[in-house]
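Peer 1: Hey, can you work out the whole structure from these sequences and the hints?
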Amino acid sequence: MADIALPPQDIPVVEGSYLENTGKHKGLAAWLLSTDHKRIGIMYMIMLFSFFSVGVVLGILLRLEMISPGGKLFPPQVYNALFTLHGVIMIFLFVIPGIPVTLGNFFLPLQIGARDVAFPRLNLFSFYLYIIGAAVILTALFVNGLPDTGWTFYVPYSLRTTTGVTIAVFGVFIVGFSSILTGINFLTTIHRLRAPGMTWFKMPLFVWALYATSWVQIIATPVLAITLLLIVISRVFGVGIFNAAAGGDPVLYQHLFWIYSHPAVYIMILPPMGIVSEIIATFTRRTIFGYKAIAMSSLAIAFIGYLVWGHHMFVAGMSQQADMIFSFLTFLVAIPSGIKVFNWVASMYKGSIDPQPPFLFVMAFMVLFSIGGLSGLVLGSLATDVHLTATYFVVAHFHYIIFGGGVFIFFGALHYWLPKMFGRMYDKKIASWDLLVMFIGFNLLYFPMFIMGYEGMPRRYFTYLPQFETMQHISIVGSWILVAGLIVMFVNLIHGSIKGPRVGPNPWGGTTLEWKTASPPTHENFEEEPVVIHEPYYHEEALTR
Amino acid sequence: MRLLPYALNHAQAVDDVMRFIVISSIILFLIVIVTMVVFVFKYNHKRNPRATSIPGNVPLEIFWTVVPTVLVLAMFYVGWEAYLQIRTVPKNAMPVKVFARQWSFSFEYMNGKRTDTLYVPKGRPIDCLIKSLDVIHSFYLPAFREKQDALPDRVRHMVVIPEHLGIFDVVCTQYCGLDHALMKTKMIVLPDTTFDRWINSSSTAEPKVALGDSTIYF
Chain L
16 MADIALPPQD IPVVEGSYLE NTGKHKGLAA WLLSTDHKRI GIMYMIMLFS
66 FFSVGVVLGI LLRLEMISPG GKLFPPQVYN ALFTLHGVIM IFLFVIPGIP
116 VTLGNFFLPL QIGARDVAFP RLNLFSFYLY IIGAAVILTA LFVNGLPDTG
166 WTFYVPYSLR TTTGVTIAVF GVFIVGFSSI LTGINFLTTI HRLRAPGMTW
216 FKMPLFVWAL YATSWVQIIA TPVLAITLLL IVISRVFGVG IFNAAAGGDP
266 VLYQHLFWIY SHPAVYIMIL PPMGIVSEII ATFTRRTIFG YKAIAMSSLA
316 IAFIGYLVWG HHMFVAGMSQ QADMIFSFLT FLVAIPSGIK VFNWVASMYK
366 GSIDPQPPFL FVMAFMVLFS IGGLSGLVLG SLATDVHLTA TYFVVAHFHY
416 IIFGGGVFIF FGALHYWLPK MFGRMYDKKI ASWDLLVMFI GFNLLYFPMF
466 IMGYEGMPRR YFTYLPQFET MQHISIVGSW ILVAGLIVMF VNLIHGSIKG
516 PRVGPNPWGG TTLEWKTASP PTHENFEEEP VVIHEPYYHE EALTR
Chain A
514 MRLLPYALNH AQAVDDVMRF IVISSIILFL IVIVTMVVFV FKYNHKRNPR
564 ATSIPGNVPL EIFWTVVPTV LVLAMFYVGW EAYLQIRTVP KNAMPVKVFA
614 RQWSFSFEYM NGKRTDTLYV PKGRPIDCLI KSLDVIHSFY LPAFREKQDA
664 LPDRVRHMVV IPEHLGIFDV VCTQYCGLDH ALMKTKMIVL PDTTFDRWIN
714 SSSTAEPKVA LGDSTIYF
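As given, the protein sequences belong to chains L and A, one line each in that order.
Quick note on my numbering: the first sequence kicks off at 16 and runs consecutively.
Quick note on my numbering: the second sequence kicks off at 514 and runs consecutively.
Just to be clear, a hint being listed does not mean it is correct.
What the hints assert, rightly or not - List time: in silico PhoX-like cross-link candidates among lysine-lysine, alpha-carbon distance up to 20 Å: (1) L:87 with A:697; (2) A:559 with L:443; (3) A:699 with A:721; (4) A:610 with A:697; (5) A:559 with L:444; (6) A:699 with A:644.
For the record, the hints were derived by calculation from the structure and aren't laboratory data.
None of the values given here were measured: they were computed from a predicted structure.
Peer 2: And the structure:
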């Protein structure tokens, strides 16, 4: 707490920070060839947010098409390509790698008191696999026209279209390997490199979340890789695996696709859940309520999450028994998420809450994630899902979960850890007001989609019936407000990380290990290996009961 | 929750399930969010400079695990029950073949008559035999809260019971390429005598619909 009061000019510059080049390479090469987990994390972050920006621009254009019915802005072919690219870029290049490769890379070793991940070179290799995969996907844009299958590449359409699907799918395949290798790296790191004294139940909850996520990455991603390979084989060699006329089964593709892509949702949401616990524990100045329940619910979500993929296919024509079992399991997976939410609220009880920007992001998350999660109950129920699947309702639901839940916490985490990463602070007042702007924009953008979906507006339509015009317009205005907020946020964060006032090791009064080293940390992370005595959220000054 | 007009009992059942889930959800949402906001104000660091660390409370944690579990299982059950209505084909159902192709629907009746608009008699259960002639499509009747994917070389069933006269939208909801958004037609519910006269006539003309005596949705 002491250094909060210290004026910025009195804070000494950190000697040998990871931002200085000390190795044999100079300039850009010192970054591109670095195996330092912190530098790799920053490089990922630059790439991810570049793709995010592209995805946002595509999203804005998708909305803009709805300014009037009839698809007057873009012809159907272009609109279909836009939503495919928006999905592929956002899902495979932004939210799936997401928090683990960026903040996970940077903070996992710091939080467990390690010098680096278990396999630093493999880590750099994963980064380049990601870059190569992304480059391959982007190449698909320039060969045979833009892919227009939607991000799910459903067969048989994806086998028939003449656009660059094969290349795009192969790119996703490569990115998948990056994901698997990162998962293996993190698992080994967590198992082997924890500081002395850090038993499993003394690990920060972000580490628990990364642990659960890594298992999902390792076990689920190969299924995607195999599925995508089968598409490539079908397209290139004409093998009829998914072709009903040749004895194959198109629904088999959907099974294989969702066996990966549903657990992938938990790859997207588990890490943010971990960060929510971190931020709440820091800004309430007390220990988290139900630590073990939160840690175990991450594992429960990861486990049950494997068994619910069929809820994407309730109208695909599975058997009634399959529909029933998948619906049942889907409701079960809601329970651990609910438990987490209740524990987070209970963690605020009798805290000493300092609502700094990261905490405000958590409050926004609680609203948006709750709406997203509860709307998921509507979709888990068979009767309502049959009506609402493939409508705007689903679009609203998963944007509330992934964007409102996951990505808002990604932003919150940037506000939380940026002072640690760069040793400087952004403008907190701008950050807080800007969050309000983004929150309003977000709800204007996505909430009308729940209503339109219920009224029967199908997704992936370049046109709509006139009665949807008002709702579409509210949603479009929301998208502009949200984007304005995003721009202000990024400018504030980038400006803060370069020019902001300097901060000391622990500007928020956090209790986990990353706050016990310099801001920015040195190449070695810690001057000497830390020894862990207390549970992760032990606030010395707090009363105990 | 009556944003769409009712077209049959099934739609009402779906809306009832929807209402149950949405109202329970709003209550849960308010409990969580209001509690959070109250805590943030009440335990602001200015008012409460010293926090109290409470690591957990087993009875409380059991309570908020069990109650939501019971609640979601109830949601599961009502959803499952209403869903069975459209999957259980009644004995007296009239079969109609539904063909989907890029980018239109067509329909074939028992006696081989074909149309591009779906004509059905009021009050008689219809067993839609849904099939695609190319890629995957979805046969969606918003006013009936029903949809079913159309798969190539596979037949899937969906039961529709039209209980009101009227003209209803039929749209495709499984992305199927260029003009997916334009793949739509109408379902017209006729008085059963009108329907019978038309289906049994040798004329290939489609039935004349007197719009005056029917409700028009959309």
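Peer 1: Given the proposed pairing of residue 87 of chain L with residue 697 of chain A, does the C-alpha separation stay at or below 20 Å?
Peer 2: 19 Å, holds
Peer 1: Check whether the Cα positions of residue 559 of chain A and residue 443 of chain L lie no farther apart than 20 Å.
Peer 2: 18 Å, holds
Peer 1: Verify the proposed pairing of residue 610 of chain A with residue 697 of chain A, using a straight-line Cα cut of 20 Å.
Peer 2: Answer holds: residue 610 of chain A to residue 697 of chain A is near 16 Å, not above 20 Å.
Peer 1: Below or equal to 20 Å on CA atoms is what counts here, so check residue 559 of chain A against residue 444 of chain L.
Peer 2: 18 Å, holds
Peer 1: Given the proposed pairing of residue 699 of chain A with residue 721 of chain A, does the C-alpha separation stay at or below 20 Å?
Peer 2: OK: residue 699 of chain A and residue 721 of chain A at ~14 Å, within 20 Å.
Peer 1: Given the hinted pair residue 699 of chain A and residue 644 of chain A, is their Cα-Cα distance within 20 Å?
Peer 2: Holds, at roughly 18 Å.
Checked against the numbered hints given earlier, the structure satisfies every one of them.
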